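Q: The chain contents come next:
Protein chains: 2
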Amino acid sequence: MHRRFMSLIMPRMEKIRMIAEILTTGDEIRTGGVRDTNSSYIAELLQDAGTIVARHNCIGDDINDIAAILKEISKRADIVIVTGGLGPTEDDLTAEAAAKAANVKLVLNITAHKRIEEFLKQRGKKIITSLNAKQALLPENSIIINNFTGTASGFILKINKAVFFFLPGVPFEMKRMMPQVMEYIQKELNAFCLFNKTINIKTFGIPETPANEALKDFRKKFKNIKLGFRAVFPEIHVKLYGSGDNKEKIERELKKGEQFVIEKIGKYVFSTDGKSIEEAIGEILIKKKACLSVAESCTGGLIASRLTDVAGSSKYFLFSGVTYSNDSKITVLKVSPKTIDRYGAISVETVKEMADGAKRISGADYSIAVSGIAGPAGGTEEKSVGTVCIGIADLKTVTGKRYNFPFKERIMNKEIFAAAALWLLLKRIKDED
Amino acid sequence: MHRRFMSLIMPRMEKIRMIAEILTTGDEIRTGGVRDTNSSYIAELLQDAGTIVARHNCIGDDINDIAAILKEISKRADIVIVTGGLGPTEDDLTAEAAAKAANVKLVLNITAHKRIEEFLKQRGKKIITSLNAKQALLPENSIIINNFTGTASGFILKINKAVFFFLPGVPFEMKRMMPQVMEYIQKELNAFCLFNKTINIKTFGIPETPANEALKDFRKKFKNIKLGFRAVFPEIHVKLYGSGDNKEKIERELKKGEQFVIEKIGKYVFSTDGKSIEEAIGEILIKKKACLSVAESCTGGLIASRLTDVAGSSKYFLFSGVTYSNDSKITVLKVSPKTIDRYGAISVETVKEMADGAKRISGADYSIAVSGIAGPAGGTEEKSVGTVCIGIADLKTVTGKRYNFPFKERIMNKEIFAAAALWLLLKRIKDED
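These protein sequence lines are chains G and R, in that order.
Heads up: the first sequence at position 404 corresponds to 404 in the numbering used here, and the numbers run straight through without jumps.
Heads up: the second sequence at position 165 corresponds to 165 in the numbering used here, and the numbers run straight through without jumps.
No lab work stands behind these hints: they were computed from the structure.
The model shown is predicted, which means the values in this text are computed figures rather than measured ones.
Incorrect hints may appear among the rest.
Where chains are identical, the list cannot tell them apart; a pair therefore holds if satisfied intra-copy or between any two copies.
Below are the DSS-like pairs computed for lysine-lysine, each with C-alpha atoms no more than 27 Å apart in a straight line [stated by the list, open to error]:
{"#": "1", "residue 1": "Lys315", "residue 2": "Lys383"}
{"#": "2", "residue 1": "Lys161", "residue 2": "Lys221"}
{"#": "3", "residue 1": "Lys100", "residue 2": "Lys75"}
{"#": "4", "residue 1": "Lys134", "residue 2": "Lys264"}
{"#": "5", "residue 1": "Lys315", "residue 2": "Lys430"}
{"#": "6", "residue 1": "Lys239", "residue 2": "Lys75"}
{"#": "7", "residue 1": "Lys239", "residue 2": "Lys175"}
{"#": "8", "residue 1": "Lys220", "residue 2": "Lys100"}
{"#": "9", "residue 1": "Lys315", "residue 2": "Lys334"}
{"#": "10", "residue 1": "Lys287", "residue 2": "Lys267"}
{"#": "11", "residue 1": "Lys134", "residue 2": "Lys408"}
{"#": "12", "residue 1": "Lys105", "residue 2": "Lys221"}
{"#": "13", "residue 1": "Lys216", "residue 2": "Lys100"}
{"#": "14", "residue 1": "Lys175", "residue 2": "Lys197"}
{"#": "15", "residue 1": "Lys125", "residue 2": "Lys216"}
{"#": "16", "residue 1": "Lys249", "residue 2": "Lys275"}
{"#": "17", "residue 1": "Lys158", "residue 2": "Lys289"}
{"#": "18", "residue 1": "Lys401", "residue 2": "Lys126"}
{"#": "19", "residue 1": "Lys161", "residue 2": "Lys71"}
{"#": "20", "residue 1": "Lys75", "residue 2": "Lys161"}
{"#": "21", "residue 1": "Lys126", "residue 2": "Lys267"}
{"#": "22", "residue 1": "Lys383", "residue 2": "Lys126"}
Kindly generate the complete structure, drawing on both the sequences and the hints.
A: Here's what the structure looks like:
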């Protein structure tokens, strides 16, 4: 089987990187009814294997449209992964479209037919229905890719200069089959493949423009590393893409590049290994054997929800008092009514008492408290939408700060208020290390 | 502005549906580092507007690659939405690529420059940096699409036969700009396109397959209405797509179709007008002048966060006690230690006391309480991951129920536990009407 694949790919042996493309088929994805999760999964594998993923494509279930785009891609790419349209029903037409594009006949593939019989027998089905039999009809000269979890047969077929890998669209079936695909590709590519690595440096508190200015010399200093910025509101992620044939050299340069970024904007960096703020917080709290509680007003539970998205967070997260009403701030968190009267619910004084209250009633070592105006309504001359006060209580002190964010939109403000509070907490518990 | 847009699209006046394509740009998506969520969102809007979404495309940040694919698409499609590459940094090259593809110059767009100045001034920035100024350089003859949440200007540009809408890749910026885009497209399409209307019936509690079964006669009964299902975990949205040249006829049939769906699966329907469960709850509580509190364990604040995503929720939402630890259940919500000892923290008895406690300490009229095992760890023989108990306290009674969901994944369980609790509350307060 592998030998036949070799022969398929032989023509191309120069020491250059292979161009890969991904094609997703299906009306449900084309029309937006279902979100495509296969492409990103496949792209990452292909990229790590050293191919250049040039394009993702998505098209519906029309046989002529599929055949047409297969032909197009076959003239651009060396390696193509196609998902979807291998099922038993009438609207599963990818095999037929592939035969059309390759200009070969659709024939009964004995190996595929045997495998489907096997598969159905294991599930106690004696007879193979016409619908399943259809799944054994594959383009002439195609090579089977085993599907251990379904009746749809994957297959490899060469069209023009490109080698196509056809897989089912069902994510878990596709994922179970990708190792076979990657093994074939690796065996071919390793001979002349480049090493790829990406470092993802996550920051909060610095917008994209100043981050870019701070790093403006990066491109001069690091010729072999591509610098990219990605805004994941309210965070900015700085990405370093390394690629070359010398693994050690690339990793050395990436390390230097990472150090350069830290030098320039380190105070905004909260992780260099893809961790979220809440994951970084969790790790430190576990190391410290310390516990955390939260008091939230305008963020309405978002901070607690982010903290509890982390598996194992029950080890350190005790409680959040989502005290939306002033009464609940007083009755639950024991904030003094005088403080609210004198300074207002959105004030440094109030959040300090909220933080202290959340810490005391739950017996936590640390706590953060947030009160602000998420909007759209509720802004005043003196406290506009986007104003937030954040309090932090630790083993010794209770401190509070007031910020003003420029956004008028409720969900955005909830997001950035929550991120700011978590970020301040992370800095506080880090600094103590 | 709209007049100028008219002139752009004039050439195409036959009464046929327009072909739309979507292009996502960015190395982070091309390489699989980030999953594209824009395409499905945009595709659904375009489909609902009556265009035929023919393809999705994704390409990296290389200016020549972008220019090349823009040219390709400009020969296939009538309407094209492009996202990404409008940021201030050096790897944001979409405007330049668009100019290249359209064979026009990149010029300083005064409107865009003014808007950026305005935007920055509101944020207290007096001077406009060269990087932000770059964002005002747009292809000649392009029309601005306002971006209220960022400095990246969207723009409309005609290339060959196609009208391109260029938008930022940041999802929340793109989503806030799409209404403008759809309004332009609608205005154009309605003039010479079929009447299109979609009804979105949102359900919770019934999986896609049984829903499909229950509605199997729909297609026979309603020839002119396309029936679609969309899984937006944990909800299933039933979509009725009406399309034709007789507006009244389509709307009559849609109404009948909606009634048919309600007859078959009405008990699972929580809105037929696109409202979320929390919006539906808010409307009823405001009508009743009633207040709500929540007690959360495994959902970790997600229920409160969903409730407070609704603008004006402070009118009825008072408090959520996110009591992750047993101690906080006891000290804050006054759950009896005996109850937790005897029945466990995840029990109908405990959630009933949690609901009652949250209601009493906050003086609310209603409350819901949730305690369960989100996983991945913490499951037992008798209470497996996916087990959740939900309590509801209203003006008269406190009731509790235990459910077992089949999922093993933490975030999925948080989502479905929260949805189940909100859904039960909605049914309760509805039934009283």
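Q: Each hint should be assessed against the structure and marked as holding or not.
A: To see whether the hints hold, each was checked on the structure:
1. Taking the shortest Cα distances, Lys315 and Lys383 sit within 27 Å of each other only across copies (20 Å), while inside one copy they are farther apart (37 Å).
2. In this assembly of identical chains, Lys161 and Lys221 lie within 27 Å of each other by CA distance neither inside one copy nor across copies; the values are 38 Å within and 43 Å between.
3. In this assembly of identical chains, the alpha carbons of Lys100 and Lys75 lie at most 27 Å apart whether taken from the same copy (15 Å) or from different copies (24 Å).
4. In this homomeric assembly, Lys134 and Lys264 come within 27 Å of each other (Cα to Cα) only across copies, at 23 Å, whereas the closest approach inside a single copy is 56 Å.
5. Within a single copy, Lys315 and Lys430 get their C-alpha atoms as close as 18 Å, which meets the 27 Å cut-off; across copies the closest is 39 Å, which misses it.
6. Taking the shortest alpha-carbon separations for Lys239 and Lys75, neither the intra-copy value of 31 Å nor the inter-copy value of 34 Å comes in at or below 27 Å.
7. Taking the closest pair of Cα atoms, Lys239 and Lys175 come within 27 Å of each other both inside a single copy (21 Å) and across two copies (24 Å).
8. In the homo-oligomer, the alpha carbons of Lys220 and Lys100 lie at most 27 Å apart only across protomers (26 Å), although the nearest pairing inside one protomer, at 49 Å, exceeds that limit.
9. When the C-alpha separation of Lys315 and Lys334 is checked against a cutoff of 27 Å, the pair qualifies both within a copy, at 26 Å, and between copies, at 22 Å.
10. In this homomeric assembly, Lys287 and Lys267 come within 27 Å of each other (Cα to Cα) only inside a single copy, at 22 Å, whereas the closest approach across copies is 49 Å.
11. In this assembly of identical chains, Lys134 and Lys408 lie within 27 Å of each other by CA distance solely across copies; the values are 25 Å between and 48 Å within a copy.
12. Taking identical chains as interchangeable, the C-alpha atoms of Lys105 and Lys221 are never at most 27 Å apart, the minima being 55 Å within one chain and 31 Å between chains.
13. In this assembly of identical chains, the alpha carbons of Lys216 and Lys100 lie at most 27 Å apart only when taken from different copies (25 Å versus 51 Å within one copy).
14. Taking identical chains as interchangeable, the C-alpha atoms of Lys175 and Lys197 lie at most 27 Å apart only when both belong to the same chain, with a minimum of 20 Å there against 32 Å between chains.
15. For the identical chains of this complex, Lys125 and Lys216 are inter-copy neighbours only, at 21 Å across copies versus 59 Å inside a copy, given an alpha-carbon limit of 27 Å.
16. In this assembly of identical chains, the alpha carbons of Lys249 and Lys275 lie at most 27 Å apart only when taken from the same copy (25 Å versus 54 Å across copies).
17. In this homomeric assembly, Lys158 and Lys289 never come within 27 Å of each other (Cα to Cα): the closest approach is 52 Å inside a single copy and 61 Å across copies.
18. When the C-alpha separation of Lys401 and Lys126 is checked against a cutoff of 27 Å, the pair qualifies only between copies, where the shortest distance is 25 Å, while the shortest distance within a copy is 58 Å.
19. Within a single copy, Lys161 and Lys71 get their C-alpha atoms as close as 10 Å, and across copies as close as 23 Å, so both meet the 27 Å cut-off.
20. Taking the shortest Cα distances, Lys75 and Lys161 sit within 27 Å of each other both inside one copy (6 Å) and across copies (25 Å).
21. In this assembly of identical chains, the alpha carbons of Lys126 and Lys267 lie at most 27 Å apart only when taken from different copies (25 Å versus 57 Å within one copy).
22. For the identical chains of this complex, Lys383 and Lys126 are inter-copy neighbours only, at 22 Å across copies versus 60 Å inside a copy, given an alpha-carbon limit of 27 Å.
Hint check: violations occur at hints 2, 6, 12 and 17; the rest are consistent with the structure.
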